[in-house]
Amino acid sequence: MDIFKIIDEFQKIDGDAAGRLEHASRRFFMNRVSRKLAAAAVPVAFATIVNKAYAQSAKAIDVLNYALTLEYLEDEFYKAGNAAANLIPASDKAIFTQIGKHETAHVAFLVKALGAKAIAKPSFDFTYKGNFGTVFTDYKTFVTVSSALEDTGVRAYKGQAGELIADPQILEYALQVHSVEARHAAVARRLAATVTGNAAMKGWITLNQGAVAPIYAGEQNTTQGGVDIKGLASKSDAAVTEAFDEPLTMEQVLAIAGPFIKA
Amino acid sequence: MNKLKTKGNNPGHDEEKNTTVNRRLFLRSAGLATSMGTIILSACNDDDPDPMIPGTGDTVDLGSGDIGVLNYAYALEQLEAAFYTQVIATPYAGMTDAEKTILTDIRDHEIIHRDFFKTALGSKAIKGLTPNFSTIDFTKRDAVLGAAKLFEDTGVAAYNGAGRLIKDTGYLLLAGKIVSVEARHAAVIRDLINPKSADFAGDDVVNADGFDKAVPPADILAAVKAYVKDSVTGANVGK
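Going down the list, the sequences are from chains L and E. The opening residue of the first sequence carries number 1 in UniProt numbering; numbering runs sequentially from there. The opening residue of the second sequence carries number 1 in UniProt numbering; numbering runs sequentially from there.
So here's chain L without its partners, still in its complex pose (with noise of 0.2 angstroms):
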């Protein structure tokens, strides 16, 4: 049995087989195939994989795209950001090389885990159809659009949560880079403060207050599971809304990032 042969076969029919095979289970792998295991456990290994490739439906794979595109979106921005000179100050470049780092990593996931199924990285015009015509040279705009973004990012994640629930798998990834995108929010928010001087701006939502409102809109929320919680254990209203962030719909988020892709 010669496990390579069958993997060209299977290339012929699905383009990226070898690269989501690889992905999908290195471990695996490399604990089998490279120990010599019984030749007798390779089919085993080679079905295990196809079965884990196809097992994602056809909601999962427009999901995936779905996030694909905010990263690719994420991913160009900072380099963009990272490699433009006078732009974030020393003291902030550990920040933004590393979210920059995190943004890269997740783009080549998703490529890797759609395979052929991945949808081409569009063009993007970062000054908002000229809205912010500073965003690279001025550190202000820069953290502005950057926390913009990420919390963006934040809901666009959560609402998309309830479409995998049918692929407990993909809705583990889904949420692991979710928490992801809420730390990078966290960090560019307290950045956006310090440098807009609006203190009132923390790590956290609080109401509906944000650079950009359509970006905020519904995050004063608080009916929760159906239950309105306004006043619990006496906090403010400030402090509910602060204690829960919102989901976006995938048609509020494409509104939202739709300026920012050109084709």
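Just so you know, the hints here were simulated from the structure itself, not pulled from any lab data. Be aware that one or more of the hints could be misleading.
Label-pair distances were calculated between CB atoms; the ranges are [unchecked claim]:
#1 E/Ser197 <-> L/Thr196: 19 to 29 angstroms
#2 E/Gln86 <-> L/Thr196: 30 to 40 angstroms
#3 E/Gly146 <-> L/Ser234: 28 to 38 angstroms
#4 L/Ala84 <-> E/Thr135: 40 to 50 angstroms
#5 L/Ser234 <-> E/Pro91: 14 to 24 angstroms
#6 E/Ala98 <-> L/Ile119: 42 to 52 angstroms
#7 E/Gln86 <-> L/Pro259: 22 to 32 angstroms
#8 L/Pro214 <-> E/Pro195: 30 to 40 angstroms
#9 L/Ala255 <-> E/Asp168: 39 to 49 angstroms
Calculated cross-link-like contacts (lysine to aspartate or glutamate; reagent style EDC-like; alpha-carbon spacing at most 20 angstroms) [what the hints assert, rightly or not]:
#10 L/Lys93 <-> E/Asp203
#11 E/Lys239 <-> E/Asp61
#12 E/Lys177 <-> L/Glu76
#13 E/Lys124 <-> E/Asp66
#14 E/Lys177 <-> L/Glu172
#15 E/Lys177 <-> L/Asp138
#16 E/Lys239 <-> E/Asp66
#17 E/Lys239 <-> L/Asp237
#18 L/Lys129 <-> L/Glu76
#19 L/Lys59 <-> E/Asp168
#20 L/Lys112 <-> L/Asp167
#21 L/Lys117 <-> L/Asp167
#22 L/Lys230 <-> E/Asp115
#23 E/Lys177 <-> L/Glu219
Think of the CB as a built atom: it goes at the ideal place given N, C-alpha and C, for glycine as much as any other residue.
Dock chain E against the given chain L, drawing on the hints supplied.
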């Protein structure tokens, strides 16, 4: 939380491993001492069919299915709320105004999470747990922020790991609404510890694919065991 079992994240430092081992050993002997105490007490007190030593805790079963997941979240939020309540009640030496504002905000969020779960679960809610923060020196900034970091990172990993166990999309969304706030807390606490560094989403918690941790309930419950007097069991959470 390097000591937690995770998928593809960086292994823990040896020093932390040793701490874990020591804590586990300590817990084992402490647990042994407690049960022996109970046996002695029950032997001496034949009239009481359910002997309980005040403050040494009970066995709490989180339950099964989605209710189990919600009770699991409720248990963790109880711990966090109790921790920050103590942090604000007895501020560490040199707590700045900015730090106090942040820690008070986080305290309020955790109290809201806790009370929300209690309200939502109603009669299905587990009892109020008795925390055990005796290992945390609340007078020292390093100790408090270090514990806060541990609780927040654990909270994120716990919610991420429990998501796949939830069957109701409404509950899944609720968990999603809370976990991102916990992640915001984790990032801000980490930024207080190591300002303007990569630590807010450090390589110790975010792996090479850019993924935060996702840890199953059994491992989380083992990791927080030292901070609860009650014995919390979650064998059927999500099942």
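Hint by hint, here is what the structure shows:
1. E/Ser197 <-> L/Thr196: 19 to 29 angstroms: holds, 22 angstroms
2. E/Gln86 <-> L/Thr196: 30 to 40 angstroms: holds, 34 angstroms
3. E/Gly146 <-> L/Ser234: 28 to 38 angstroms: Hint holds: Cβ distance 30 angstroms, inside 28 to 38 angstroms.
4. L/Ala84 <-> E/Thr135: 40 to 50 angstroms: Between L/Ala84 and E/Thr135, where Cβ atoms are some 47 angstroms apart, the hint holds.
5. L/Ser234 <-> E/Pro91: 14 to 24 angstroms: holds, 21 angstroms
6. E/Ala98 <-> L/Ile119: 42 to 52 angstroms: holds, 43 angstroms
7. E/Gln86 <-> L/Pro259: 22 to 32 angstroms: violated, 47 angstroms
8. L/Pro214 <-> E/Pro195: 30 to 40 angstroms: holds, 32 angstroms
9. L/Ala255 <-> E/Asp168: 39 to 49 angstroms: violated, 29 angstroms
10. L/Lys93 <-> E/Asp203: Status holds; Cα separation ~16 angstroms.
11. E/Lys239 <-> E/Asp61: Satisfied, since the Cα-Cα distance of roughly 13 angstroms is no more than 20 angstroms.
12. E/Lys177 <-> L/Glu76: violated, 27 angstroms
13. E/Lys124 <-> E/Asp66: Judged against 20 angstroms, a Cα distance of about 11 angstroms means the pair holds.
14. E/Lys177 <-> L/Glu172: holds, 15 angstroms
15. E/Lys177 <-> L/Asp138: violated, 33 angstroms
16. E/Lys239 <-> E/Asp66: Cα-Cα ~8 angstroms, so holds.
17. E/Lys239 <-> L/Asp237: It is violated: about 35 angstroms lies between the C-alpha atoms, which goes past 20 angstroms.
18. L/Lys129 <-> L/Glu76: holds, 17 angstroms
19. L/Lys59 <-> E/Asp168: Holds: L/Lys59 and E/Asp168 sit about 18 angstroms apart, inside 20 angstroms.
20. L/Lys112 <-> L/Asp167: Holds, at roughly 17 angstroms.
21. L/Lys117 <-> L/Asp167: Satisfied, since the Cα-Cα distance of roughly 17 angstroms is no more than 20 angstroms.
22. L/Lys230 <-> E/Asp115: OK: L/Lys230 and E/Asp115 at ~12 angstroms, within 20 angstroms.
23. E/Lys177 <-> L/Glu219: holds, 11 angstroms
Consistency note: the structure conflicts with the earlier hints numbered 7, 9, 12, 15, 17.
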